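There are 6 protein chains.
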Amino acid sequence: MKTHILQETNWESVKNSLYNVAILPWGATEAHNLHLAYGTDTILAEKIAADAAEIANREGAGAIVLPSIAYGVNSGQMEIPLCMHMNPTTQLSILRDILYVLDNHEIRRFIIINGHGGNAFQPIIRELSLEFPDILMSYVNWWTVEKADKYFGEPGDHAGELETSAMMHIRPELVAPLGLEAAEEVLQRAVALVAPLVLHPQAQREARGLDLAQVGTVGQRVQQGIADLTAEDDE
Amino acid sequence: MKTHILQETNWESVKNSLYNVAILPWGATEAHNLHLAYGTDTILAEKIAADAAEIANREGAGAIVLPSIAYGVNSGQMEIPLCMHMNPTTQLSILRDILYVLDNHEIRRFIIINGHGGNAFQPIIRELSLEFPDILMSYVNWWTVEKADKYFGEPGDHAGELETSAMMHIRPELVAPLGLEAAEEVLQRAVALVAPLVLHPQAQREARGLDLAQVGTVGQRVQQGIADLTAEDDE
Amino acid sequence: MKTHILQETNWESVKNSLYNVAILPWGATEAHNLHLAYGTDTILAEKIAADAAEIANREGAGAIVLPSIAYGVNSGQMEIPLCMHMNPTTQLSILRDILYVLDNHEIRRFIIINGHGGNAFQPIIRELSLEFPDILMSYVNWWTVEKADKYFGEPGDHAGELETSAMMHIRPELVAPLGLEAAEEVLQRAVALVAPLVLHPQAQREARGLDLAQVGTVGQRVQQGIADLTAEDDE
Amino acid sequence: MKTHILQETNWESVKNSLYNVAILPWGATEAHNLHLAYGTDTILAEKIAADAAEIANREGAGAIVLPSIAYGVNSGQMEIPLCMHMNPTTQLSILRDILYVLDNHEIRRFIIINGHGGNAFQPIIRELSLEFPDILMSYVNWWTVEKADKYFGEPGDHAGELETSAMMHIRPELVAPLGLEAAEEVLQRAVALVAPLVLHPQAQREARGLDLAQVGTVGQRVQQGIADLTAEDDE
Amino acid sequence: MKTHILQETNWESVKNSLYNVAILPWGATEAHNLHLAYGTDTILAEKIAADAAEIANREGAGAIVLPSIAYGVNSGQMEIPLCMHMNPTTQLSILRDILYVLDNHEIRRFIIINGHGGNAFQPIIRELSLEFPDILMSYVNWWTVEKADKYFGEPGDHAGELETSAMMHIRPELVAPLGLEAAEEVLQRAVALVAPLVLHPQAQREARGLDLAQVGTVGQRVQQGIADLTAEDDE
Amino acid sequence: MKTHILQETNWESVKNSLYNVAILPWGATEAHNLHLAYGTDTILAEKIAADAAEIANREGAGAIVLPSIAYGVNSGQMEIPLCMHMNPTTQLSILRDILYVLDNHEIRRFIIINGHGGNAFQPIIRELSLEFPDILMSYVNWWTVEKADKYFGEPGDHAGELETSAMMHIRPELVAPLGLEAAEEVLQRAVALVAPLVLHPQAQREARGLDLAQVGTVGQRVQQGIADLTAEDDE
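Protein sequences appear in the order of chains A, B, C, D, E and F. When you read off a place in the first sequence, starting at 1, and then add 122, the result is the number in our numbering. When you read off a place in the second sequence, starting at 1, and then add 122, the result is the number in our numbering. When you read off a place in the third sequence, starting at 1, and then add 122, the result is the number in our numbering. When you read off a place in the fourth sequence, starting at 1, and then add 122, the result is the number in our numbering. When you read off a place in the fifth sequence, starting at 1, and then add 122, the result is the number in our numbering. When you read off a place in the sixth sequence, starting at 1, and then add 122, the result is the number in our numbering.
Keep in mind the hints are simulated off the structure, nothing from the lab. Being a predicted model, the structure only gives us computed values, none of them experimental. Some hints here could point you the wrong way.
Since the list gives no way to pick out one identical chain from another, each pair is judged satisfied if it fits inside one copy or across any two copies.
Unchecked claim - Keeping only pairs whose Cα atoms sit at most 20 Å apart, straight-line, the calculated SDA-like set for lysine to any residue is:
(1) K169 to M123
(2) K124 to E295
(3) K169 to E130
(4) K137 to F254
(5) K137 to A298
(6) K124 to D173
(7) K137 to L284
(8) K137 to M200
(9) K169 to M200
(10) K137 to T211
(11) K137 to K169
(12) K169 to D225
(13) K137 to N263
(14) K137 to H291
(15) K124 to I292
(16) K124 to Y222
(17) K124 to W264
(18) K137 to N179
(19) K124 to D225
(20) K124 to V136
(21) K137 to S260
(22) K137 to L258
(23) K137 to E253
(24) K137 to L252
(25) K124 to G239
(26) K137 to D256
(27) K137 to P255
(28) K137 to P203
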């Protein structure tokens, strides 16, 4: 029983505790390359939230980790099977309900530990801050807190070295040792995705901003990923 | 890695599988008497969903278990700290987003495994059935499927013998061995809750239907629970 | 002029009265077998609300009956012509507006007299109870208050003996003396509805809960109903 | 049993009929001076809808009258007890549900018979016309169809000669014979309402448009109403 | 820099001013006959709001003109290219946000200067008046304030003499000198629009109320407009 | 008359044109330091949209600039008078209505030219992309397209060198020549804002991400701004 994880604690413990800050891990359920689990974003957000709360509580933070939400914004990947999508307006409704309870119990600090690049909590927080003026709300995209390139040659932003290594560390059974065949398939798919972009004029690519940039990055990362996988396969 | 649990499987597996039915465990996060974890409803719903999917898949059901939702309807318990509440209209928004994805991928059977008495999915399903006419939606309140009183003297409907035993079976570390002192407190609280009801006229009690009935049942169950706890404490 | 029925009273009376509780009859507009009026659920709810208010007011209850709502949840019967449907979220919006007015006039007790099995007011009340914490809200499914099987051999739950008898009592002109031909048609339709269910595995049937159960009951009730109708026709 | 009133007809009749146009009476529940029933607007709209449908059906119109809605827009009268208010957005939700059913059954003409000046169906129809492009929607404010001043010296627009006479004709038991005392009270109240307006600059009065105009009219009408009531009392 | 136009003033000025009333110009973006700019309704509403504020401020009104909204209700003209439409419920959301800010800064008088006949702000104001009880809201349809027929032979209600003259006065570069050819096309189009109406029974035309009436007026006005245009072309 | 600006063109022109892409300028109405107009964000977005459309149309782009929206997300500045705020969910409703019209007229490319850092269109576009799958939507934060630090020593992100220079270029009458006194006030205000942040632990500052970072940047920029203003004042 961990008293800083709400799902694992009980009333006997809760009624004798004082909470100052509530932490909500929010991930996504989506394909992470071929080899990482669909739950990667959620699992990592949960892990970071739990460990951060435990450390902070040693200093008397009074933190409690709420049950995570495993559904993120993924409308751009509707063609990938079982890549789940949740609309931002639904995320706002969920947060409104949660904040209502926290406000009622006078827990006035709230942090979302976000594990998925497609989630954008800033506009939601800005809207809800008017409804709950007494609560200080914030969010952290955990993968941006520390510069990953201090540790990795090619951290990547989705199912790259950073996420793969993190999952190998905490849930190794959910990382598949994919081989040469899979690598080839990844390469072919990436090419099919990237090719049409090459044909578009530069202006259009810039206009779409992060989305196109992300796909571009995927192309480069995939090539590195295939090299890694192949090396790994040879062992 | 379990291929019937979406969070634990990967794209390599998903793209080679055929899914016919999606299962969504939905619980709540609330006090369960003094001794069971706040996550009890969700943990049990997840367990039942996972095991049912595994067994059904041996017969070729093609079932996949979606990530659970741990927030249920609890507006009647706003005075209990960290008893989380989610509005039915928010639940409808969540389900609409999920069904949109399933419909898009032509998974046309959907079952909610409900673990919390306060959740009422029937009206929500009735509303969404017009938006997704091709999906057969249903829900199961797992604790009503099998008559628990065949196995327990006093199964109870919330944190009673049935739930306590189930949690002892699958997550024993989340069941606290509460003693005499706790039992006394439970008793006093129950009396404080039930007493005002005694003063109300009969007609009013009947009008509130299930809600008041539930509170009445809690009163009786608590007395039995105290007896059990006391006995347990003596051992 | 009845002073306990809001639609029939006037300002002269209202401004000299003190109201403590508002009663809202809510029915549906749907086919009731072949022989009862589409308005049966609403008409019966209105009758019970009016009579209950009149009796209670003799004891000083201060009850006022609001205009009824004749639209209920019927998404499962979209193939029956002019079987009207109202979404639960629309019902919530209607109730929010009504409660706003009552709260403004400090009428803090509110009872829905429900006449239609498809309406589910408990989740709606749970959501609205947070918005109107000062109002005690409740609902009654009138047909469950008294055990009908003390009076009827086969009360039924929709257009059965109980509803038919009740309508014969208060609005006999809205009960049609249907004959053998109609009975045969009812039988054939029931068989067509029930037959597919027989082919489904038991697990699926249980999963749908009340909905399938209701259809099952209809099958049995229809056979009894035909017997009754035939007998009635012979007289 | 009237087959053109949906609440009074039955399935046996409905399934053998062809409907081309659905008519929805929509009123309000509000004080109508001191002497007319709160339900006046709804009762008159129902009466006109029913009679119009009956006459049109003799020519083969295929009209059916849906159950009326008795809640109108009345936010400007929140200080009058039990003057019920329904928001325009709630009215839109109700109409969306009704149109969904009509569209489903291919009834593609829809008319609202409006009995309350505060209801404004034009913007709602304009919004819904995009969602239901196949349905021709319209509304009638019944009191504007025929020039009432051809028949009355001072028809008035709310609880005036026209409405009072109409109610005397169809529901005389709901018209109270109020006397001198009531008339005096009406006068005092009207003065209290109108006086502050006299103090406002002209520009402001014009800016509020219809609302202020209406109040102005009420002032004049009330004086006439008092004269009428006094005369009536003397008989 | 005009200090009564919010977009043109700055913080240095705003923080030293006291505002009592906020004015919102609201127009539409739609075809105005063949010769007037799509922005006509918005441009005229902005002009009237600015001039009115300037004059009123000389008397110490403390008025500030908010940025205009150029999107109006136009669902009935979806076949005309780039005739933009905004739903009334969206207009309500916009106004709610604006009123929230005004209420927060204690500016408690609010006037919409409406430039488009399809906008209906009365029901919206009635709904929002309950949410912002401290703000006095009103609207003006500017073209109804002064009787235009005192000045014009045929003022018209849309792109007629009044609007054309007003635009000639303030933005002459946005009025096109259309010739005989255009006039002929307008005539043919008008006939095509009006003709089907002639075939409909009278009852139907009355039922649609203002909408049909408006189309009828368009027919007459177009003929006059063509005469005007032709005359103008000859000069 | 500019045919690429919808508000300035007319039906005669529109019906003879073919449009491929619609451009929507979206700004905000807020204080821009003491010296720039509240409309700065909107004015610059309109200017860039208009010029870009004009240039692109020479190559046959078929672009049309829609009327701008002058209300942005500003919930974090509610204490600054007349700093207008619009919720992201309202922005979504506005965009849904606009996209409905574009889709109806088969204009399937849509670009928002954003002029305000607080607006976040990516999550809104992701939600609407499922409703309008045929429209390619994108947005540009114009100030990020070209690296401003190639041209300015300290471009700033809000009312800094870049925005001030841009406004001097296109609307010089809306830039106030503020002097030493104003500069001092800005400094004092900035210090009062920044000081509390110095006291907070580092972890908290990082958690709030962009918001806190932005405030931090404001502090630095303000000092530079004061130096600039002072220098400017000396000339």
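The hints, checked one at a time:
In this assembly of identical chains, the alpha carbons of K169 and M123 lie at most 20 Å apart whether taken from the same copy (16 Å) or from different copies (18 Å). When the C-alpha separation of K124 and E295 is checked against a cutoff of 20 Å, the pair qualifies only between copies, where the shortest distance is 10 Å, while the shortest distance within a copy is 23 Å. For a Cα distance limit of 20 Å, the shortest separation of K169 from E130 qualifies both inside one copy, at 14 Å, and across copies, at 15 Å. For a Cα distance limit of 20 Å, the shortest separation of K137 from F254 qualifies neither inside one copy, at 24 Å, nor across copies, at 27 Å.
For the identical chains of this complex, K137 and A298 are inter-copy neighbours only, at 15 Å across copies versus 43 Å inside a copy, given an alpha-carbon limit of 20 Å. For the identical chains of this complex, K124 and D173 are intra-copy neighbours only, at 11 Å inside a copy versus 25 Å across copies, given an alpha-carbon limit of 20 Å. Proximity of K137 and L284 under a CA criterion of 20 Å is satisfied in neither setting, with 39 Å inside one chain copy and 24 Å between copies. When the C-alpha separation of K137 and M200 is checked against a cutoff of 20 Å, the pair qualifies only between copies, where the shortest distance is 14 Å, while the shortest distance within a copy is 44 Å.
Within a single copy, K169 and M200 get their C-alpha atoms no closer than 27 Å, and across copies no closer than 28 Å, so neither meets the 20 Å cut-off. When the C-alpha separation of K137 and T211 is checked against a cutoff of 20 Å, the pair qualifies neither within a copy, at 33 Å, nor between copies, at 29 Å. Proximity of K137 to K169 under the C-alpha cut-off of 20 Å is found in neither arrangement, the shortest distances being 25 Å within a copy and 28 Å between copies. For a Cα distance limit of 20 Å, the shortest separation of K169 from D225 qualifies neither inside one copy, at 25 Å, nor across copies, at 32 Å.
In this homomeric assembly, K137 and N263 never come within 20 Å of each other (Cα to Cα): the closest approach is 31 Å inside a single copy and 29 Å across copies. Neither within a single protomer nor between protomers do K137 and H291 lie at most 20 Å apart by alpha-carbon distance, with minima of 35 Å and 26 Å respectively. Within a single copy, K124 and I292 get their C-alpha atoms as close as 18 Å, and across copies as close as 17 Å, so both meet the 20 Å cut-off. With identical chains, the CA atoms of K124 and Y222 are never at most 20 Å apart, being 25 Å at best within one copy and 36 Å at best between copies.
Proximity of K124 and W264 under a CA criterion of 20 Å is satisfied in neither setting, with 22 Å inside one chain copy and 27 Å between copies. In this homomeric assembly, K137 and N179 come within 20 Å of each other (Cα to Cα) only inside a single copy, at 17 Å, whereas the closest approach across copies is 43 Å. In this assembly of identical chains, K124 and D225 lie within 20 Å of each other by CA distance neither inside one copy nor across copies; the values are 24 Å within and 39 Å between. Only within a single protomer do K124 and V136 lie at most 20 Å apart by alpha-carbon distance; the minimum there is 11 Å, versus 34 Å between protomers.
In this homomeric assembly, K137 and S260 never come within 20 Å of each other (Cα to Cα): the closest approach is 26 Å inside a single copy and 30 Å across copies. In this assembly of identical chains, K137 and L258 lie within 20 Å of each other by CA distance neither inside one copy nor across copies; the values are 23 Å within and 27 Å between. Proximity of K137 and E253 under a CA criterion of 20 Å is satisfied in neither setting, with 27 Å inside one chain copy and 26 Å between copies. In this homomeric assembly, K137 and L252 never come within 20 Å of each other (Cα to Cα): the closest approach is 30 Å inside a single copy and 22 Å across copies.
Proximity of K124 and G239 under a CA criterion of 20 Å is satisfied in neither setting, with 29 Å inside one chain copy and 25 Å between copies. Taking identical chains as interchangeable, the C-alpha atoms of K137 and D256 are never at most 20 Å apart, the minima being 23 Å within one chain and 26 Å between chains. In this assembly of identical chains, K137 and P255 lie within 20 Å of each other by CA distance neither inside one copy nor across copies; the values are 26 Å within and 24 Å between. In this assembly of identical chains, the alpha carbons of K137 and P203 lie at most 20 Å apart only when taken from different copies (7 Å versus 44 Å within one copy).
When the structure is compared with the earlier hints, violations turn up for hints 4, 7, 9, 10, 11, 12, 13, 14, 16, 17, 19, 21, 22, 23, 24, 25, 26, 27 and for no others.
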